[in-house]
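Going by our numbering, the letters in the sequence shown line up with residues 2 to 435, in that order.
The set of hints was computed from the structure by calculation and includes no laboratory data.
Owing to the predicted nature of the structure, the values given are computational and were not obtained by experimental measurement.
In this text, a Cβ means the ideal position worked out from N, Cα and C, and glycines have one as well.
One thing to keep in mind: the hints can contain errors.
As the list claims (entries may be wrong) - In silico lysine to any residue, SDA-like type, Cα no more than 20 angstroms apart, as pairs: (1) LYS417 with ASP88; (2) LYS261 with ALA272; (3) LYS271 with THR97; (4) LYS57 with ASN427; (5) LYS57 with LYS403; (6) LYS57 with LYS93; (7) LYS244 with PRO135; (8) LYS183 with THR144; (9) LYS403 with SER281; (10) LYS301 with SER201; (11) LYS188 with ILE203.
To be verified - Pairwise CB distance ranges (calculated): (12) GLY431 with THR147: 45 to 51 angstroms; (13) LYS301 with PRO129: 44 to 50 angstroms; (14) PRO268 with SER346: 36 to 42 angstroms.
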Amino acid sequence: MTNLKLMAALALGSVLIATPPAIAQQPAKAANSQPNEGEVQGMSSERLARIAPAMKAQVDKGIFPGAVTMVARNGQLLHFEAHGFLDEAKSKPMPTDALFRLASMTKPIVSVAAVMMIERGDMKLHDPVSLWLPELKDVKVETRKTDKDGKETVEDIAPVRPILVHDLLRHTAGFVYSGSAKSPRIKEMYEKANIEARDSEISGDEMLKALGGIPLAHQPGTFWEYAITVDVLGLLMERVAKKPLDQILKEMLFDPLGMKDTSFRLPPDKAERVAEALASDPLAPGMRKSYAIHFNPGAKSYFRGGAGLIGTAEDYLKFAQMIVNGGELNGRRYLSKKTVEFMLSNHTAGMGGTTIATTGPGYGFGLGWGVRLDEGMGYAPGSKGDAMWAGAWGTSFWVDPKEGLVGILMSQAPSKRNDTRMLMKNLVYGAMVN
2 MTNLKLMAAL ALGSVLIATP PAIAQQPAKA ANSQPNEGEV QGMSSERLAR
52 IAPAMKAQVD KGIFPGAVTM VARNGQLLHF EAHGFLDEAK SKPMPTDALF
102 RLASMTKPIV SVAAVMMIER GDMKLHDPVS LWLPELKDVK VETRKTDKDG
152 KETVEDIAPV RPILVHDLLR HTAGFVYSGS AKSPRIKEMY EKANIEARDS
202 EISGDEMLKA LGGIPLAHQP GTFWEYAITV DVLGLLMERV AKKPLDQILK
252 EMLFDPLGMK DTSFRLPPDK AERVAEALAS DPLAPGMRKS YAIHFNPGAK
302 SYFRGGAGLI GTAEDYLKFA QMIVNGGELN GRRYLSKKTV EFMLSNHTAG
352 MGGTTIATTG PGYGFGLGWG VRLDEGMGYA PGSKGDAMWA GAWGTSFWVD
402 PKEGLVGILM SQAPSKRNDT RMLMKNLVYG AMVN
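Kindly generate the complete structure, drawing on both the sequences and the hints.
Encoded structure:
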């Protein structure tokens, strides 16, 4: 990406792009008429300017200390701005290169790397995961039955079919997150075994051995449930590639894309750039323990492919723009155009479960992404086929291939994350005039 010329803003501790640079080799859409004054790539500059006061209002309301926002269309960066502060004390203005805990925005990155491995023949969607993860070969499925007297019995039975690589990419393996597990028994088993590495360090081998002894909540391929599936996918990728997940991502995506600030561990020399949530946010204290990011060369825990990365807005834009471009960025191809279309199509049709807690209504799920099924039904405007995901700390992004659009919001506001992501989408689509 072209080096960004930044100018310090006078208000809100914000920084604004002086001249939006091109970020990718993607032609602009043909227009039926000459653009109006203040319109670039079909986006109103005046309306994009609404983002800054809206973010200031969030800071003033005590939603988050600060944020970084980005908008690109047709390969041109139209908006890149920092708002508010890194810290609750408002002692450090938010820089555009602030580092954010990405949480579940890790999932699309790991999923794309997995799909790249599928493209090159390392594995297939219909492969049973037990080919590489024998710990899961004999996993059972919890079933509950109620007799005529109302007495409930619990029985663990064999799955109808094995867990497939496909299931890991689309959250249909039958795994859960302990915090949202419907079964008290499964919840207790996850927490006791420290499956999600929230309480202490646990190696990948130890995690998989424990997971193989816990029943699934659903038959594989029948129900979408947000879960530790991408963490398991990351461990499978390590077994396939015979190298750790951080190295896989570095070689396949981070280095080629120039994502220099995205990693699983925070180097000490970057610690001053980490954005924090408000101490008053009720979810922040517990989450801070669960999302360990500080550099620890002796760490024994597995790389959490579903939640472990930290990174910047600028880094994430490079990744997202590559997807909008159909798998290519700056002359290098990462995925084929047809593979990207396949990845961003709905892979959960006819199954139970819903993505509404993250995406709002009107979305299904592809290979690592929530995908919009139609223009209507959503909480915010969009296009059929747009795709998004978000993180529990307050980060969110989406890609709209139909409109050549990328939107990114980086903040740390766990308790208000749903509100902030829809606010950003409304602001960006509200600026689209052509």
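Report the numbers of all earlier hints that the structure fails to satisfy, in ascending order. 5, 9 and 13
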